[in-house]
Amino acid sequence: MIVLSIIISYLIGSISFSYLITKKIKKIDIRKTGSGNAGATNTMRVLGTGPAIGVLLLDVLKGVVCIIIARALGLTDWMVALSGLAAIAGHDFPIYYGFKGGKGVATTIGVFFMIMPLYALIAGVITLLIIALTRFVSLGSLFFLLFTPVFGWILRGYSAGLLIVTFLITILAYYQHRSNINRLLHGKENKLGHKKAQA
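Just so you know, we're using the numbering used here here: the sequence shown kicks off at 363 and counts up by one.
Just so you know, not all the hints are guaranteed correct.
[Stated by the list, open to error] Here are the simulated BS3-like pairs of lysine-lysine, each with C-alpha atoms no more than 30 Å apart in a straight line:
1. 388 <-> 462
2. 388 <-> 550
3. 462 <-> 550
4. 553 <-> 389
5. 462 <-> 389
6. 462 <-> 553
7. 385 <-> 550
8. 553 <-> 394
9. 386 <-> 462
Rather than coming from a laboratory, the hints here were simulated on the basis of the structure.
All chains, full assembly: derive it from the sequences and hints.
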């Protein structure tokens, strides 16, 4: 069941809504324009707010659906979280698009809200405040990605297996954001609302 859940979750996660929507509306590969990232933030740069919100919600839904499927298969909590990790890996390295995808934040939001709803909500509110104050989406995302499992670890006794998987999700996300982290450290990161020159 765990192998089946991981495969299903990876295949669902591999559906790139930013790629599909941008191809449909503008006939371009979103990975070759803007920041080059197949995600909601780059969709907003390329297509505007409406399509970006659609991409965000659909990518979040991927994480939600995969967790629901894993639970329906009767898996334990850490196996459910592992299925969430598979969905995020699918978004980051999609089999349908040459393994070049996004950074997995929206799908991670869906996964974290399903397995740690209270702490994901707390981290999410703080994340929105950080983005509103700094206009750095990446900085807010990095906070959410780290502090959701940290809150879960400190404030409630989740199983060790689930916590390990959630921190693996965070490590993967930070790896995917390594260029953003470098730009933040050097004061070169793009702020929300600033369009990046197309590649």
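- Task: Provide an ascending list of the numbers of those earlier hints which the structure does not satisfy.
- Result: Structure breaks no hint.
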